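Peer 1: This is what each chain is made of:
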Amino acid sequence: MDKIIDVEKLSVTFPTEQGRVQAVRDVSFHVNEGEILGIVGESGSGKSVSMYSLMGLLPGTAEISCERMEFEGKDINVCHFPDGKEYAAVMEGIRGNRMAMIFQDPMTFLNPTMKIGRQICEPILNHTGLSKEEARNKALELMAMVGIPSPETRIDQYPFEFSGGMRQRIIIAIALANQPRLIIADEPTTALDVTIQAQVLELIKYVKDTMNSSVILITHDLGVVASLCDRINIMYGGKIVETGTDREIFYEPNHPYTKGLLSCICNPEEDDRELTPIPGSPPDLLMPPAGCPFVDRCGEAMKICKLRMPEAETLSPTHRSMCWLNEWKKRQEK
Amino acid sequence: MDQQKVLVALEDVSTYFTVSGGMLRGKRTVKAVDGVSLEIREGETLGLVGESGCGKSTLGRTIVRLNEPTAGRILFEGKDVTELKGEALAQFRRETQMIFQDPYASLDPRMTIGEIIREPMVIHGLYGTEKQREEKVVELLQTVGLKPDHIRRYPHEFSGGQRQRISIARTLALQPKFIICDEPISALDVSIQAQIINILKRIQRETGIAYLFIAHDLSMVKHISHRIAVMYLGHIVEVGESDTIYRTPMHPYTKALLSAIPIPDPIRGKNRHRIPLGGEIPSPIDPPAGCPFCTRCPDAEERCFTQRPQLSQRGDRAVACFALEE
Numbered sequence: 609m610d611k612i613i614d615v616e617k618l619s620v621t622f623p624t625e626q627g628r629v630q631a632v633r634d635v636s637f638h639v640n641e642g643e644i645l646g647i648v649g650e651s652g653s654g655k656s657v658s659m660y661s662l663m664g665l666l667p668g669t670a671e672i673s674c675e676r677m678e679f680e681g682k683d684i685n686v687c688h689f690p691d692g693k694e695y696a697a698v699m700e701g702i703r704g705n706r707m708a709m710i711f712q713d714p715m716t717f718l719n720p721t722m723k724i725g726r727q728i729c730e731p732i733l734n735h736t737g738l739s740k741e742e743a744r745n746k747a748l749e750l751m752a753m754v755g756i757p758s759p760e761t762r763i764d765q766y767p768f769e770f771s772g773g774m775r776q777r778i779i780i781a782i783a784l785a786n787q788p789r790l791i792i793a794d795e796p797t798t799a800l801d802v803t804i805q806a807q808v809l810e811l812i813k814y815v816k817d818t819m820n821s822s823v824i825l826i827t828h829d830l831g832v833v834a835s836l837c838d839r840i841n842i843m844y845g846g847k848i849v850e851t852g853t854d855r856e857i858f859y860e861p862n863h864p865y866t867k868g869l870l871s872c873i874c875n876p877e878e879d880d881r882e883l884t885p886i887p888g889s890p891p892d893l894l895m896p897p898a899g900c901p902f903v904d905r906c907g908e909a910m911k912i913c914k915l916r917m918p919e920a921e922t923l924s925p926t927h928r929s930m931c932w933l934n935e936w937k938k939r940q941e942k
Numbered sequence: 131m132d133q134q135k136v137l138v139a140l141e142d143v144s145t146y147f148t149v150s151g152g153m154l155r156g157k158r159t160v161k162a163v164d165g166v167s168l169e170i171r172e173g174e175t176l177g178l179v180g181e182s183g184c185g186k187s188t189l190g191r192t193i194v195r196l197n198e199p200t201a202g203r204i205l206f207e208g209k210d211v212t213e214l215k216g217e218a219l220a221q222f223r224r225e226t227q228m229i230f231q232d233p234y235a236s237l238d239p240r241m242t243i244g245e246i247i248r249e250p251m252v253i254h255g256l257y258g259t260e261k262q263r264e265e266k267v268v269e270l271l272q273t274v275g276l277k278p279d280h281i282r283r284y285p286h287e288f289s290g291g292q293r294q295r296i297s298i299a300r301t302l303a304l305q306p307k308f309i310i311c312d313e314p315i316s317a318l319d320v321s322i323q324a325q326i327i328n329i330l331k332r333i334q335r336e337t338g339i340a341y342l343f344i345a346h347d348l349s350m351v352k353h354i355s356h357r358i359a360v361m362y363l364g365h366i367v368e369v370g371e372s373d374t375i376y377r378t379p380m381h382p383y384t385k386a387l388l389s390a391i392p393i394p395d396p397i398r399g400k401n402r403h404r405i406p407l408g409g410e411i412p413s414p415i416d417p418p419a420g421c422p423f424c425t426r427c428p429d430a431e432e433r434c435f436t437q438r439p440q441l442s443q444r445g446d447r448a449v450a451c452f453a454l455e456e
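Line order of the protein sequences matches chains A and B.
Position in the first sequence (first residue = 1) + 608 = my numbering.
Position in the second sequence (first residue = 1) + 130 = my numbering.
No lab work stands behind these hints: they were computed from the structure.
All figures in this text were calculated on a predicted structure; none of them were measured in a lab.
Incorrect hints may appear among the rest.
[Unchecked claim] Below, simulated PhoX-like cross-link-like pairs (lysine-lysine); rule was C-alpha separation at most 20 Å, straight line:
| # | chain 1 | residue 1 | chain 2 | residue 2 |
| --- | --- | --- | --- | --- |
| 1 | B | LYS266 | B | LYS277 |
| 2 | B | LYS385 | B | LYS400 |
| 3 | B | LYS400 | A | LYS816 |
| 4 | A | LYS682 | A | LYS611 |
| 5 | B | LYS400 | A | LYS813 |
| 6 | B | LYS307 | B | LYS135 |
[Said to hold, decoys possible] Estimated spans, in silico, between C-beta atoms of each pair:
| # | chain 1 | residue 1 | chain 2 | residue 2 | range |
| --- | --- | --- | --- | --- | --- |
| 7 | A | ASP879 | B | GLN272 | 25 to 35 Å |
| 8 | A | GLY681 | B | ASP373 | 47 to 57 Å |
| 9 | A | ASP879 | B | GLN443 | 24 to 34 Å |
| 10 | A | SER651 | B | GLN272 | 34 to 44 Å |
| 11 | A | MET819 | B | THR374 | 36 to 46 Å |
| 12 | A | PRO757 | B | THR159 | 20 to 30 Å |
| 13 | A | PRO757 | B | ARG282 | 52 to 62 Å |
| 14 | B | GLN443 | A | ASN745 | 53 to 63 Å |
| 15 | A | THR721 | B | ASP373 | 49 to 59 Å |
| 16 | B | ASP142 | A | SER651 | 26 to 36 Å |
| 17 | B | VAL149 | A | PRO720 | 16 to 26 Å |
| 18 | B | GLU172 | A | THR716 | 38 to 48 Å |
[Stated by the list, open to error] Calculated Cβ distances over 12 Å to all of chain A for the following chain B residues:
| # | residue |
| --- | --- |
| 19 | LYS261 |
| 20 | GLN262 |
| 21 | VAL351 |
Even glycine gets a Cβ: it sits at the ideal position worked out from N, Cα and C.
Bound conformation, chain B alone (with noise of 0.2 Å):
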């Protein structure tokens, strides 16, 4: 793992937004991701989880620059992104993709299926003859299986787990070396929600596409990711192997995040212990000015509220807490 390439690395990347305060309170500022770190390899996919409101589709729709980063830097194959224009720029957009949540939203409901999936091509221009687009396009809906005589048909005439489909193959259309997975299972059925899932997993074998897979459904999220990234506030607290994250915990707000996850078995989810979570997340526009977790942290000193602790290595994982440095 270890010898991978970095395909996609962030230096300190930061995402503010300005908002209206009301009337004779000006304009207040929204840190929605702040002074993130964290680097993507090729072939792997990083889950990034935290709850609602924590930044991490922010984080996501940044780095593929759908908004643009207000400090930090992007590095894409070791080309900062935020400097890209023309050519370069669109050869960045072709190779990142992003699959969205819903399914319903994301296809335009007036075109057919065999456009939608041929629009990225004529626009990057690719495979030159339209006989050979059609071709790709049928070969594109085999590979997350659909039928090639779907093609003239309308995204209303597809179920949920079917429109996602469409989603992956449209996205499979530039073959792209990146996609930004934005929460892709959420809106769909638990027995479709595996299926989508052994698709993703099967075109990452096959091409060695690397994901970034953005999710709150934390024991989906394990079951795909090599490594787990868990944001909370605009910030990383914690990274690592998935194995290592979800087994042995460090962060006080990563053991509480995962010590909530139902566990489907009868006994073991009834007799679970859960760590009491008190209170709720902070506002980012008025974010503590110590440790983002500090507000609600279990294990809270008083060095927590007034500095920041940084990520930094610790033993297998690294991990953003004062008490765990001694």
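With the rest of the complex left out, here is chain A (with noise of 0.2 Å):
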């Protein structure tokens, strides 16, 4: 399998009023194509700053810095562009056409004062050379695929028409108006009901597979997860801490923080067990340890999780995790 996005050793630090915030500390991931690449985490750790570097979406006072940042083979590491000019027009062509965004909030995604049609075929104008005749046919198309009722008189609707999931649908028809080859999902349904909730999760997974795209899927959702993702990379204060294919996450997790993670949900289909919530709070990116960033809530921790971060262990072709109990117990078997 190819891989769609490469990223090596990216880190995003913010200068702020009461220091530097370093929201993503030295994580390196890859998207293969066609899959869906989960991204857990809690609020603060990092997930979606290091997605939205990858969409040059980041405001100008991020510093950031990264070895390698490959879409599709192409060199979007805005490292690599001393000419801010250069790197905005490379970013212009891939945004919204190859690689598109579904933000959490659909109410403020979406211009108030603008068409529903306007709207969806903004991206369609700026990309292709389609006529605003052939646009507005697309757009229509698309709102049928993502199942608006009536799209002929919806179309010249206005966002306050429609409902919270009528609006999320919307969001979803214009990131896939150019059928692109990386949609990146932030929350999508945070927002929705349980029931919108999965209605949204089957058009990803049913958009996904028609068009043969890769899809990255930020959330906090477990069960989310668990029905929808390929692989899933678990991230904490600011490091991919695990990174595994469903199966090796939810069957044999590794890192103390996904343990406890999956400690404290609970599934409905089992019987009811005492929650093992992981005691106290993320750490602060002001001042990040020099350790691992799980160490204070950790049960299992050792001296040296305060004083080093550990290299991540290779557990399988697809497994890695980076805690230090990996090497001690490798020195136990010796």
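Hints in hand, dock the two standalone chains.
Peer 2: In structure tokens:
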């Protein structure tokens, strides 16, 4: 399988009045063609910031350092473009075209003063040579595809005339307008009811299958991840602490944070058990700990965990975890 | 369970709002809660679930009289709360408390944590002296897992989970018998949600407080609730023990709702069969004449569109559906 996204050693820092917030710290990841990659983490773990940097959507104050960032084999590493205009031109051609994003809040994403039709046509007119007439027909097709009833009348309506679930469908239609190779969905269903959530997730899976695109799904809902994703990255304190296939993460979790997450959710299909919450709260990224970011909440922390960040341990070709316990176990076996 | 005394009883409670329908159309009525009968027993947690706009928050607010009911009776320990006045009303307000969804909006940013927790005691004149109140505040902070030296800090210094602990401490200051939790964990991170749930469960074990737990996270509701009530468009469509409802839902809406819960297990989650639910929830301004669910129900018959099914006992639960009556 080819990699559609390949990122190595990405760090993002925001200078603020209180100090430098190290939102993303030295992460490497990739997305294979045709797969759904889930990114799981708490608020402030760096999951959205790392994805926004792929799209070139971070504010100008962000300090980005990165060794490699490639999309379909093409260099999109902002550090390799000393000329900001050149980078902007490259990203203009990709954003909303080859790479598209679905945002969390369906109300703030859409322009309340523009008709739905115009908002769906915008990326089509920007990136293809289609005429207005053709773009409108394409928009009608897209609306039918995402399941909006009677698109011919709905296309001339304004966002306030749509419900939350319908608005999220329109956002998906806009993201799909140019058949993107990669769709980044940032908490696409967090604002929605569970019945609508299920419909939207099925829609994302359906369009992925029909267009053979790849999807990055950012979420904190482990149920959503389990039912949709092929591979999962677990982020904590600006780091990817564990990565693996869906089964590796859910059935053989290695990192204490991943284990902790799985023990503080409940499965409604199983008998009730006591939830074991993770004590404490996430680290302050103004002063991230020198060692493992999870050390203060970890029940198995050792001395070294406070001092140094562990290297990623390869557990299988797809499964990697950053935890000193792996090193310790290896030494015990020797 | 059955022997437990009924603490709160709702009898045919309705809450309507009047809205302006625009020029020339006059006033219209939103039937947010429409003829709800429910019981909440001492020391139990009743989970109230349903989609946004189904009236579950309005029902919660109506019970504590933040919204006045349009019709029906609300009995708290056998007394009709809609007729309470003066001292009796003050006592009712002390014994029923509410925890809100957004801990960023429900705490006054200009008051210290100590002042926030002390305020209800002052209003209700509890714990005589200033010193006794101070001691109680410290005790409450420890109950919810915060430190005594947090007392002089301000809400902005706390995270969402800690703020929700402060909200819980404030409600406990009055030693209530009944707390309405309106989506208390939906603004929190997963690892913090379990902390709050465990605190609520521990407090219930220790003090026997009853909860009405309103939420749209159906997995957590099942975990915390003894019984579940499913609400749709202002009506209760099914009530029963939470295990019974989750294992064998009977009402077509409950079935569809529960089948949409994402299961945190890759094999089960990916092979799950979801019962599709067409269309959208109708407007409570213009609800269907018959069963509220008839416009989306896969099994709807002719009479479902004209007559309204009543909630009636069917074995181990109560359910409102004609198809189940034979």
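Peer 1: So, for every hint listed, does it hold in this structure?
Peer 2: Right, here's what the structure says about each hint:
1. Of the supplied pair hints, the one linking LYS266 (chain B) and LYS277 (chain B) holds, its CA atoms being roughly 13 Å apart against a limit of 20 Å.
2. The straight-line distance between the Cα atoms of LYS385 (chain B) and LYS400 (chain B) is roughly 18 Å, inside the 20 Å bound, and the hint therefore holds.
3. Proximity of LYS400 (chain B) to LYS816 (chain A) is assessed by CA-CA distance (about 15 Å); at most 20 Å being required, the pair is judged to hold.
4. Proximity of LYS682 (chain A) to LYS611 (chain A) is assessed by CA-CA distance (about 11 Å); at most 20 Å being required, the pair is judged to hold.
5. Taking the CA atoms of LYS400 (chain B) and LYS813 (chain A), the gap is about 11 Å. The hint holds against a cut of 20 Å.
6. A C-alpha spacing of about 12 Å is found between LYS307 (chain B) and LYS135 (chain B), which places the hinted pair at or below 20 Å, so the restraint holds.
7. Between ASP879 (chain A) and GLN272 (chain B), the C-beta spacing of about 32 Å keeps the proposed range 25 to 35 Å intact.
8. Roughly 53 Å separates the CB atoms of GLY681 (chain A) and ASP373 (chain B), a value that falls within the hinted 47 to 57 Å.
9. Hint check: ASP879 (chain A) to GLN443 (chain B), Cβ distance near 26 Å, so the stated range 24 to 34 Å holds.
10. A hinted range of 34 to 44 Å is violated for the C-beta pair SER651 (chain A) and GLN272 (chain B), which are about 27 Å apart.
11. The supplied range of 36 to 46 Å is met by MET819 (chain A) and THR374 (chain B), whose beta-carbon atoms lie about 43 Å from each other.
12. Between PRO757 (chain A) and THR159 (chain B) the C-beta distance comes to about 27 Å, which sits within the given range of 20 to 30 Å.
13. Checked against the hint of 52 to 62 Å, the C-beta distance between PRO757 (chain A) and ARG282 (chain B) comes to roughly 57 Å, which is consistent with it.
14. The supplied range of 53 to 63 Å is met by GLN443 (chain B) and ASN745 (chain A), whose beta-carbon atoms lie about 56 Å from each other.
15. The hint said 49 to 59 Å for the Cβ distance between THR721 (chain A) and ASP373 (chain B), and at roughly 50 Å that hint holds.
16. Roughly 43 Å separates the CB atoms of ASP142 (chain B) and SER651 (chain A), a value that falls outside the hinted 26 to 36 Å.
17. Evaluation of the 16 to 26 Å hint for VAL149 (chain B) and PRO720 (chain A) yields a pass: the beta carbon distance comes to about 21 Å.
18. Our hint of 38 to 48 Å for GLU172 (chain B) and THR716 (chain A) holds, since their Cβ atoms are close to 44 Å apart.
19. At the 12 Å boundary, the C-beta of LYS261 (chain B) stays outside the reach of chain A, the nearest C-beta of that chain being 32 Å off.
20. Against the 12 Å criterion, GLN262 (chain B) stays outside the reach of chain A, whose nearest CB is about 31 Å from its own CB.
21. Listed as outside the interface, VAL351 (chain B) is inconsistent with that label: its C-beta sits roughly 9 Å from the nearest C-beta of chain A, within the 12 Å cut-off.
The structure fails to meet hints 10, 16, 21 from the earlier list, while all remaining hints are met.
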